[in-house]
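Fit chain A to the known structure of chain Z by using the hints.
Same order as they appear, the protein sequences are chains Z and A.
My numbering puts the first residue of the first sequence at 132, with every later residue one more than the last.
My numbering puts the first residue of the second sequence at 313, with every later residue one more than the last.
Hints are all accurate, no fakes.
Here are the computed distance ranges between Cβ atoms for each label pair: (1) Z/His171 x A/Gly440: 31 to 37 Å; (2) A/Ala898 x Z/Lys230: 35 to 41 Å; (3) Z/Gln173 x A/Glu672: 56 to 62 Å; (4) A/Val729 x Z/Thr176: 47 to 53 Å.
Read the hints as simulated data drawn from the structure, not as lab findings.
For each residue, glycine too, the CB sits at the ideal point set by N, CA and C.
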Amino acid sequence: MLGTLVLLLLGLNAQSVATPPQATQAAAEPAAIPACGDCHEQAKTFAANPHGRGVWARPPSGATALPGAAAPTQIPNAACETCHGDGTAHIEAGGDKEKIFKPVGKDGADGCLACHELGSDRISRHAGVHANSATVNCLTCHSIHAFEPREPHLLAKSQLALCSSCHSTQVSSFRNKPFAHRVGRGGMNCSSCHEPHGRPARESLRSTSAGELTCLNCHTDKRGPFVFQHGAGAVGDCLTCHEAHGSSNPKRLKRANVWQLCSECHSPLSAETLGSQPPSFHNLSNPRYLECTKCHVAIHGSNRSPQLFK
Amino acid sequence: MRRLLLPLTLLIAAAAGAQTTIPIDVEIGYRWLDLKGNEGMYRSQINERQGLLLRALTVTAPDFRIDASDLGVGPAGTLRVETGKADLYRFRLGFRRADAFSNVPSFAQHTFDRKREMLDLDLEVFPGRKITPFVGYSINRYSGPGTTTYHVAQDEFLLLSSLKDRDRELRAGAAFNTGRVYGVVTQGWRHFSSDESLTLAPGAGAGNNVDPVLGRPITAAGITRDSHTDGDTPFTNLYVTGEVTPRIRLIGNYVRFSADSSGDEAETATGSFASFEIGRFFNGLTESVASEAKNKTTRGGARAEFALADSVDLFAGYQSEHRELSGTALINSLFLQSITFGGADPRDFAAVLSAASSLERDQDTVNAGLSVRALGPFSFRAELRTENVTADVRPDLAEIVVPGSQGGIFERRIDTVDLNASYTRNKLTLGAAWRHDDSDAPIFRTDFLARDRYRLRAQWKSPKDFIRAGVVAEQTDQSNDHQDSGFTARFRQYTGDVEVAPIEMLHLRASYSRYQTASDISFRRPQNFTIGDSLHQERGKSIEGGFAVFVKQTTLDASVIRFDNTGTLPFKIDRYRARATVDIKAHAGIAAEYSKDKYRETLFPVANFEASRYGLYLRWRP
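Chain Z extracted, bound-state conformation:
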């Protein structure tokens, strides 16, 4: 049924591609002005670009009907001028590069925000760590013309390569360490967990639709609620015990030995911290007590056992 639905929706659209709109020829460019596509190859292929599609479907200001002729491969100059500004002087000067605006850096990205300004509770283009600045701006990661064809959202490179250019230590841990989320290897990307346009908050993490920690988007079995919660997760969060990126330790734990991970909290030398003391028969010189989760199997939470045995 799902396949049929997808095919139906795509089929409807494919039909529209095969049957271009009737040529109205109205409001086309005056014949005396050369088209941008006469010199710029990019303009000829722009119809397939998401921004080109928008222009095709919604006539630019001043046009009264769908611009262009019979095929969606012709883009009116007005489409280019949306970002590059008035090109008349550039055309009259025979293509003088100094007489056309080239959107680069923060000033160029300010142009993007003319349409993409909307913020949300998770997105801030003004105050987040990736706010539109001299160092990081829209055009640092997105490229209108030279985007990576296999990436969505006009990304200039693969997401991992883009993030790596500033966050190479995190990317290095994905690539090198033995136990890591499969980021950039088919399953996930950095943006699976992080909102790259994030607001000022904890590492710009995404959340579930109900507002829970991003880990629970996939690991639904850990969400509970359980009758007996593990305090590490209920008061803290997943990162109390686990590494989010790559880890040298199995199950992406923060310690190589399970007994260390558990004992470091479950050793109350005073009663001021949360984490109970194991009974004395837990003899750590006996190997069977070094792997706590061998008995405390329901370590994320249990509906039956406060000691998380089952």
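Just chain A, lined up with the frame of chain Z:
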């Protein structure tokens, strides 16, 4: 997978046959695996198996786009479809599947070989410019076999597990945009159900402890446990962004969910067992559990962004969250043919336990800052933040074995200073960041009282970008000098990388990375209550080199990574990657891939493996 491959194949065939302008790029083929050594460790780390693989697929057209990668033998793949018509609708489909495998030698004995499939469908309709209604549906399935342990007295018995989790979410709402006010309101309903069946593994009846308990051998003839859990979570999610004036923007958000779960569990066990809780030997157990748990969470907040000048913004916000967790369980246990440890009072022994627990957690965060996004080549960002956390944990008193630290009221305040600065000019970027956190009290022993995070970054590109070089250095120091902990930890990492493209057809790259982790905290040994140090250390370094050659219709990309880690768990990893593509015709070619991973542990060589994968794929771009 078959359900998805069929529509994909039909679509590609239809699109190609229709002679439209739809560009298609597809890469499909077979991967072979040559594995030596520990298969469990290989699959826990890499898990790339032998079989058919849709390596990549991209279909782009003016009105729709399809992207897929690594669908087939996995271990993880995605499919994304986006289609729509301007001023009418937008439909998005996202599908991900991932194999979850864990079978690490001697690592707490849990194993699983499960599969997760996630499907998201979202439809937005555009009846006008002001209101955009939407509806979405998501399914998350997690299922497959595994193993776990059954704990009784001082014995553990291996159990086989069969798990089937299903999570479904329906959401609907609307986005509104009046020009100056934009927002989204979402109402959702989530239903989770889980079924797990556990049975004693064949040959596991002797348990792992061959010594008798108080003179009696502990054995199991049969163990079964079936559990079913249902959970319902309605949720409401709202945010509004309003432009009060061109310079002032207000953003408000509110989230509320109420999760209710109920569980039923039935267990039977036959054999020769002992229970220290009731002080008896017994020959069988039938147990039923009925449980209910709730999680009510409300979060809301607001922030303001005020543009002081062009590219200079002042921001401030407040966020509050309240979480209530509670649960009750009624446990009926019937110990069959029981006797006391002294051999007296033979009878079936019934025990009924009504357990309850609850927890409340509040978190309030206030922050304010200044963002200077372009002061010539400089940009700065400074933020102050205060976070207050209160946790009230009430355990079930009847269940406490060793009193202390199971519950109580815990309060913690964290004050944060977060500073960022960067300089960008002529393809040189320099960045520095420092964050200091100061806390008054820990909740867990490993919580810091002071933490400093430093980050330095430099990147340079030559004219025309034929050289790019970057270095990043990070250090995090945290400590808790509270008498209860004596905790110190340091994490350091340096990475340097360089890319050179001396000619258009050749790209060279190299990187070097070092990291160090060292933590030290006191702990109490349970067996004799003496105080010791828990030390964890990692010292790793990696070297990577690679090149890419582009010659007419042929590309070759190859790299080598060597990663060497010493410390608590020393190991070495060598990774080799190569990929060649040859375009035989204008629209068709082949891609060949080679990957090799060699993993060696110093202390536990039983974990070592060496895995080579060879892939051959057909590339087609009609």
